[in-house]
Structures are given as C-alpha cells and as structure tokens.
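Participant: Single-letter residue listing:
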Amino acid sequence: MKLRYLVKKELIEVVRQKELLFLMFAGPVIQIIILGYVVSSDIRRVPVAIVNLSRGQVAERVSERVRRSPLFAVRFESRQGADTLELLKKGRAKAVIVFRDARGHGGAARAYPEVQVLMDGIDSNTAMVAAGYFNGIIKGYILDDLARRGRGLPLADRPLFRFNPQLRSINYMGPGIVGFLLTIITMFLTSASLVREKEQQTLDTLLMSPLASLEIYLGKALPAALVGLVDMVIGLLVVVLWFGIPFRGSLFYLLVAALVYLAAILSYALLISVLSTTTQQSMFFAWFSLMLFLLMSGFFTPVANIPQPLRLLADINPLRYLIQIIREIFLKGNGIAYFWKDLLALAGIAASLVSVSLLNFKRFISR
Amino acid sequence: MTGATPAIAVRGLRKDFGSFSAVRGISFDVAPGEIVGFLGPNGAGKTTTIKMITGLLRITSGTVAVNGLDNRRELPRVKRMLGYMSQKFSLYPLLSALENIEFFGGISGLAPRELRAAMARMEQQVAGAILRQKIQDVPPGIRQKVALFVCLLPDPAIILLDEPTSGVDPEARRAFWSEIYGLKTQGKTLLVSTHNLDEAEYCDRILIIHDGELVAAGAPDELLRQKRQASIEALFQDAIREHGQD
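Chains as they are written, first to last, in numbering that gives the first Met the number 0: chain Y, 0 to 366; chain W, 0 to 245.
Simulated from the structure, these hints should not be mistaken for laboratory data. This structure is a prediction, so every number in the text was calculated from the model and none was measured. No residue lacks a Cβ here, since even glycine has one placed at the ideal position from N, Cα and C. Watch out, some of these pointers could steer you wrong.
Partial pick of chain Y residues on the chain W-facing surface, computed with a CB cut under 10 angstroms [claimed, not checked]: (1) 1; (2) 7; (3) 8; (4) 136; (5) 208; (6) 210; (7) 214.
Just chain Y, same shape as in the assembly:
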C-alpha cells in the first residue's frame, strides 16, 4: 500500500506543472491533427508543364484529362518547343509532358502521338507516384478510346482495395501516430523522473525509506503508464472522430498490446533515467532514442525497405511491433490469431528490457 503514496506524489507533481499538463493532454490533439495533415504520402496538385507539339486531337484530349485531374496543377503550356530541362531547373514544374506526332515506317502519322514525361527525380516518392498517375491517365484514355470503337483489351486488371478503399494515407499514418504518441509522452515523462529526484536530492530520502526497489520502480512507471493510456485514448478519439478513420478491431486487444508496449518503453525510459546524471542528458538520450524508434518502426516507410544490416535495429524496436499491431486491429479488424507473432516479439522485447532495466535500477540504488 506504500506504493499508492508514491503514485499519488508522482501524479501531483504532474498536475502542479500547468505547462506540462497542457503539453501532455492538449499537445497530443494538436500533434495528431498536424501530423495527420502533414505526414501524408498522398500526391495532390503536382505542378506540371505541357508541351504539345502534336497536331492530332489525341494529345489535346489527354492534356485536357491532365488539366481536369486534381492530382496535377498545370503551370505552363506551350504549343512550340520549350527548354524542358530549364522548366525543371527553375522549379516551375515537377514534371513536363511532351507530345509529338509519331510516324510509321512509311512516314504516315500514327493514331497515337509519342508521349515523353520528364520528371524531377529529387523527390523520388512524388516523382514515382506522379509517373504512375500519368500512366493511369494515358491508359484510361486508350481504354476509353478502344471501348468507343467497340474494342477492348483481352486482359484487364480491376484492382479492389480492401481496408482502405480510398487509399487515404492518413488511414495508414493515423493509427501509427497513436503508437508514436504513446511513446513520446511516456518516454519524456519517465526518462527525467529519477534524474529529477537525483538533482533535487529527494532520491536519498526515498532510498532511506522502507520502500523496496521494485516499489520505487513501479511508483515511477505506473503514473507514466496511466498518463500514456489517457493520451492514447485521446489520440484514438481524434483519429476516429476528426479524421474519420474506422476502428474495426477490438479495444481489448489494443489495450493488451499497449500495456505490453508500455512495459517495454517505460523500462527503457527508466534505464535512461538511471544512466543519466542530469535532466538535460536524459532529454537528449530520450530524443535520440525516439528518433531511432520512429525511423525504424515502419511508421513512414515499410520495414521491408530497411536495408538488411540495419534490419536488426528494426527487429528489436518495440514501436515497430506496436504500430504493426495497431494497424492490424484498427484497419483490418484482425484478432489475435493474425498478430500473435508480433505480440510475442513485443512481449519478448518487453521482458528483456524490464530485466535489464530493473537490474540496473537495483544496482544503481545499491551504489
């Protein structure tokens, strides 16, 4: 029961810091909304230039489709030759579409013009996606044209997108942001907690008390876990209500995954706190870890894209498994049968981190 005094004290210290309180509970709402709009791989209004040197109607019809597409913003058009490289260099366009009349062997004009798409490849992701959109527009025109003539392709794909039919990137990012939030709050709150006790010299008095080391450890971890869970619920509400991302799975499984994850991340944060000698040190350590966790988590790009030598870091990254599980539960509505391996891996990492952290904590308090 002595533990409850420690938990109460920790919570009072949080509540008494009004700025911190705001950052902890209003911050996540602001962060999710901003991240939800900013961290998006959707391509919209890509600036393009059209250089139409074809005298046929097809080039004009395809150009019209480009003009009407919300994916592109036509910034420059010319019916004469233009320095296409200069257009890209000056940044007036990210892509230049050039139409020329195509000729057959005998010099006769072909039904379709030649189309060349020049892309600014610096932003490789936008370039790849935009190139795909152009292909889609051209392919769509050809299919419509063939259909008008009563012909069609002998084989055509008809993709059906499950779980995220509108292919909104926020649906992919949103659940990940919830996992990320759980990490930020708990990491920063806990990694500074023991260091602060060291700095204000209250740790000695704490260690002189009859509290067992496990009680002190839990007294630091439990309030942070509680705050983290409250933040997670706030995050879920924003993601579901503000962004309209459907939650299809079980809240119970989500809670189980979050609790296992909290055991891992809080142990890691307490390890930082034990190893740091100043609050500043602990903050830098936490920030560095946070960036590493995020980059290796599959939050922005799939884990499969991470090169093999660095994959080990991703494999031992607890955030990677949490984000994977949250996406499974959130978007697919999957039960534990579909993500038990991820949960097991997360539990293994949590068990290792708890052991290392607790061992270091015990060693620290018996200096």
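Got chain Y sorted already, so can you dock chain W onto it with the hints?
Facilitator: Relative to chain Y, chain W alone:
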C-alpha cells in the same frame, strides 16, 4: 565513552572514487544519546561519511555498525533505526508541506490515522496556510522545520543531519538547535554535520574532518583545553595546520 554498544561505530572507513579518496580510513564512535558535531570545510568528506553510514553509498573498505549491526549485512534493519536529513532538505518542491509529510509518512509505513495526527501536530507549530503552499514557495526556515519533522516521522533512534542549518537565518538556526536539544532529551542520538564552527558549542562532542581524515575528536571544552586554544575557530585552524604538516 562507556562500555555500552555505540549507537554508531565506524572503523577504518574509506571511500575511493576512482583515484580520488574522499574518506581515508576514519574511525569514531557515537554513543547513545549523544549529540556529535561533524565539522569540516566543504569537500572534507562529511556527506560521504554520512552517506556510507546510511548505506546510500557503497563502502570501499572499513565497517559501520549501527547499534551493533553491520550496515552492509543488515541494511534494512539499520535503515529502520536511522533518520536522515540530507542537504537542501530533500523535500518535493511542488508538494505542499502537508503533502510532503503525508508522502514521507506514508512510505515509512505510518497508518492513515497516524498521518493525520502528524499533520495536525505540524499545524500546531506552523500556520496552516503556509503548510498548504508549495514547499518551494515557503521560507527556508520553515522548509528546514518540515524536513526535520519528516525525518522524525518513523521515530528513528539515531538521527543523521547533513548540513541542516546551511542557508537559514541565525534565528531559525537557534530554534533548530533547540529542537535538536529536545530530541536529545528524548534519548535520541544525533550526528550533525556542519561547516558553521560556532555550532560546535551545541554538541557533546565534535569530530573535525579535513581532506577525508579525522584531525580532531573530543568534547569541545576538553579539546580547547588540550590544544590551548581560545575558540573553536582557532582550534579548527590549528588542527588543519597540524594535519597539513603531517
């Protein structure tokens, strides 16, 4: 000193931090019911010694026995006998005095009824409004009073006070020493570290430490007589000079 088991028995106590020796094999006893002043300049090794007695700092070599119990083998039992007030009073700055009392009393195992009684006792001594302010906003004298009160909550037999009067005004210091005397009359044993030499007059015995070594030990009057010095200040300077010549 009598043949009774010392409240604190320190033998050959040493603490090394890498190649630096903070405490260099010191030995002394504190008898039950005594007030012993632990005098020395900043960095002399007072806090390190006290922390080794409490078990907060690992001993490099030597032994500490508290009421006959080795503090390394019987640390949990030793801790129950000790009250410790560290430098800076070690209270939670964002908690009020009453919340600090409730917290420290609670983790010390006091029942809710005992906690309420303790808080009521404190309210008899200091105005309730001050006790409900964040402790960081109250005067140092009150913080010191609360820190001592908190230290005494588990009713320890032996009390270790590390620089308890630093940063407080002379009036608060006098009031504090008066409380210390009150504790002595209750049979408590006190080891009080300080760098305020004039506080030696309040002590039954003093230990002077310099550069991690004990350079003088005894009753203040006796030491003054032995060393033919007129004041503790002169005695202190003489002891340090002699130690430097050695």
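Participant: Give a verdict on every hint.
Facilitator: Comparing the hints with the structure gives:
no. : hint : result
1   : 1    : 5 angstroms, holds
2   : 7    : 7 angstroms, holds
3   : 8    : 5 angstroms, holds
4   : 136  : 61 angstroms, violated
5   : 208  : 5 angstroms, holds
6   : 210  : 5 angstroms, holds
7   : 214  : 8 angstroms, holds
Of the numbered hints given earlier, the model fails hint 4 alone.
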